[in-house]
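Residue numbers (numbering that gives the first Met the number 0), protein chains in the order written: chain A, 0 to 365; chain B, 0 to 300.
Derived by calculation from the structure, the hints in this document are not laboratory data. Idealized CB from N, CA, C, for every residue including glycine. There's no promise every hint is true.
What the hints assert, rightly or not - If you want the ones that stay clear, here's a sample from chain B, every Cβ over 10 Å from chain A, calculated: (1) Pro170; (2) Leu172; (3) Asn233; (4) Pro277.
As the list claims (entries may be wrong) - Derived DSS-like pairs: lysine-lysine, alpha-carbon spacing no greater than 25 Å straight-line: (5) B:Lys32 x B:Lys287; (6) A:Lys74 x B:Lys123; (7) A:Lys14 x B:Lys32; (8) A:Lys209 x A:Lys14; (9) A:Lys74 x A:Lys108.
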Amino acid sequence: MATVTFDQATRSYPKTDRPAVDALDLQIDDGEFLVLVGPSGCGKSTSLRMLAGLEEVDSGAIRIGGRDVTDSPPKDRDIAMVFQSYALYPHMTVEQNMGFALRLAGVAKSEIARRVAEAAAILDLQDYLDRRPRALSGGQRQRVAMGRAIVRSPQVFLMDEPLSNLDAKLRVQTRTQIAALQRRLGTTTVYVTHDQVEAMTMGDRVAVLKDGLLMQCDTPAALYERPANVFVAGFIGSPAMNVLTGEVVDGGVRLGTAVLPVPRDRLARASGGTGRVTVGFRPECLELVPPGEGVPVVVGVVEQLGSDAYLYGTVGDERSGAPLQTSDVVVRTEPRHAPEPGQTVWLRVREDALHVFDPVSQVRVD
Amino acid sequence: MTTTLPGTGTTEVRPVDVPRGRARRGRGGRSGKAGPVTYTLLTLAALVSVFPLYWTVVAGSHTNAELAETPPPFLPSAGLFDNFAAALEQAPIGKAILNSVLVSGAITVGTVLFCTLAGFAFAKLQFRGRGVLLALVIGTMMVPTQLSVIPLFMMIAELQWVNQLQAVILPTLVSAFGVFFMRQYLISALPNELLEAGRMDGASTFRIFWSIVVPVARPAMAVLAMLTFLTAWNEFFWPLIALTTANPTVQVALAGLGSGYVPQQAVIMAGTLLGTLPVLIVFTILGKQIVGGIMQGAVKG
Ligand SMILES: Nc1ncnc2c1ncn2[C@@H]1O[C@H](COP(=O)(O)OP(=O)(O)OP(=O)(O)O)[C@@H](O)[C@H]1O
Ligand SMILES: [Mg+2]
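The whole structure should be built from the sequences, with the hints applied where relevant.
Here is the structure:
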C-alpha cells in the first residue's frame, strides 16, 4: 500500500504537436480509490500507462510510496494492472494466468496455490481454475483479470476501463463488486473510465481530464456541487447541467426577455468587463413557478422515466412563448404532473444551486 | 471477444476446426455441409495430386523395356523390390536419408527458432533502425541463390567444410521469408496488451518470448516448420555443390542413380520413392497432430 504522486508529469508522443498528458499534478492517498475520467482521447490511458511504466515520462516525475519511479521498469514498481481487453494469456489456464507473476517472482509452489485459491474464492472462480480463457464468459474473464492483479498483493492497482466489455447489467453489478473489493483490500487504486456514472459511484475522488490537462480533482460530491469550470460542470451529472451565457443586466443575466437573478458581486467578477456571464444550473434545481415569474421555457420533449420526468425545452419569449434563444434547457419535474410538449413553463433557479462562470476563462466564480 | 458462441464452451479441440470468426464470414451464413459438386471437385484434385506419386510406384516396379511399351504398364508389380535393391546398391541411400533427416531437422529447428525471434523483434520491439533492417532482410529475398554460390563455396572451402553436413545446414539456418512470415503473423495475432501484461507481471523480454510469444506463435511456427522441412529435404542445388556422393543428402544421392549409357528410369524412380517415403510417412502420421496443433492455438481467447 502506498501513496501515488504525479508531479508535473508530461508525455508527448513523437510527431504530435501537443502533449497527450500535460503537466499532470495529482496526489493520491494511501488506500484511496481515484478515478480518472474524461472524454475519449483526453489522456486517461496515457496517464495510467505512465504510472505503470509502459509509457515514457518526458518531463516531471512519478512517485509511488514516496519512491521516485519515473525511470523504473514496470516490474520494479510493484503495481498490477487490469487491461480493458483483460489480456489474459490464452494458452494458460485460469490458475496459471493468476499465478504467472508469482511464479516469475520465484514464490514457492504451495504459496502460489494458496494465494490463487484465496483470490479465486474472493472472486467466485473456484470452478473455473482449470479452464482456458476462451472457455470463459466475458464476466468470468473480467474476474480472472482482477484475480491476476489481486494475487500479487501489489502496492497499487491500475485499471483501464475494465468494465467496458461487459453488458450494461453486468457492468453495474461488477462496478459495486470492484468498489467493495477495493475497500476490503484497502489497496490504492487508480481507475480509468470515460463513464461519469462509474466515476461518481466508485471513486473516493475523481480527477477530470480534458485534452491532457487536469480540470479538477475532488470528491464526487464536491465535483457535483462546485464544479471548477464549465467543462466539469457539463461533464459531471446526467442529464448534464444547463449552461447558458447571457448579457449582464442590473441584478442578473438576461435569458431571452427574462432576467435570471445573480448576486451582484459574482456578476461583477464573472463578467470581467465583457458584459456577459455564463450561468449553470442542474435540471433538478429548478422549480416551476406561476406564469409571469422567472424564466419561460417552451417544452419540446418530455421524457418519462417513472420516478422522474425530464423536460427538454428552449428559453422562450415571455409574451409570445416563441423561442428566442436556441439554448436547450433540461428540467426535472414531478412525473405525474408533467407539462405537455409545446406548453410554456416558468422556472426559477434555487438560489443556492446557481453556478456562475467567467465566459472567457470558463472558470467558476464564487 | 467477449461473446461466446454456443458450443464453443467445450475444452476439447476438434481436429478440423477452422478459426470460427473466419469460417462464419467466409461462408456468408450458408450451412456448413459440402454438396456433391464440392466432393467431385475435391476428388478430382486429389487424384491429380496423387498421380505422380502413383506413377513413381508403377515406373519403379518395372524395367526400362517394360516402361517403353505402348501402352505403358498401369499397375505396380513385385519388380519394385528388385529396383529398390538396385538403387540401394548404386547409392548410399540409407546414409543419405539419415543425412537428410539431420540436415532438414537442424535447418527446421534453426529456421523456426531464429525466424520467430527475429519476427517478434521486428513486429513488437521498438529499436532504432528497425525499418531499414527489415528492408534489408526482405531485400535478401530478391538476391538469387545462384549469385551467392561462388562466394559461399569459397567460404566453405576456407573453413574446410566441403563434404560436411554443416556446409549445407549453416547457410540456411534462417530465412528472410520466415522472418517476414513470423513478423506478419505476430503483428496480427499477438496483441500488445498481452506483452504489456507480461511486463507488468515482471517478465523479462526473454521470458515474455518463451512464455507468451512462442505459445501464441505456435500455429505459424508449425506451418513454417512444415514448409522449411520440405524445402530443405528437396533442396538439390547447394547440397550437390557442397557435398559429394560419398556423403550425400537424398537428393544428391538420387542424382547419382541409374547413370549409365542409358539412364535406368526404373531404378531412378525406385530410389526416388525410397527418398520420398520417409517424409510421406512422417506427414501421414503426424499430419493430424500438426493440423490439430495449428488449430489449437488459432482460436483466440
Ligand atoms: N502511441 C501513440 N502515438 C501517438 N499518439 C498517441 C498514442 N497513443 C495515444 N495517443 C494520443 O494521445 C492522446 C491521449 O490518448 P489516450 O489513449 O491516453 O486517451 P484516453 O483518454 O485513454 O481515450 P479513450 O477513452 O478513447 O481510451 C490521444 O489524442 C491519442 O491520439
Ligand atoms: Mg483509453
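Against the structure, the hints come out as follows:
1. The beta carbon of proline 170 of chain B sits about 34 Å from the closest Cβ of chain A, which is more than 10 Å, so the claim that it is off the interface holds.
2. For leucine 172 of chain B, the requirement that its beta carbon stay farther than 10 Å from each beta carbon of chain A is met, with the minimum near 27 Å.
3. With a least CB separation of 33 Å from chain A, asparagine 233 of chain B remains clear of the 10 Å interface cut-off, as annotated.
4. Listed as a non-interface residue, proline 277 of chain B keeps its Cβ farther than 10 Å from every Cβ of chain A; the least gap is roughly 31 Å.
5. Our distance criterion of 25 Å between C-alpha atoms is met by lysine 32 of chain B and lysine 287 of chain B, whose separation comes to about 21 Å.
6. Proposed proximity of lysine 74 of chain A and lysine 123 of chain B is supported: the alpha carbons are some 19 Å apart, at most 25 Å.
7. A hinted pair counts as satisfied when its Cα atoms are at most 25 Å apart, and lysine 14 of chain A with lysine 32 of chain B does not qualify at roughly 52 Å.
8. For the suggested pair lysine 209 of chain A and lysine 14 of chain A, the alpha carbons sit about 20 Å apart, so the restraint of at most 25 Å is met.
9. This hinted pair checks out: lysine 74 of chain A and lysine 108 of chain A have alpha carbons roughly 20 Å apart, not beyond 25 Å.
The earlier numbered hint that this structure contradicts is number 7, and it is the only one.
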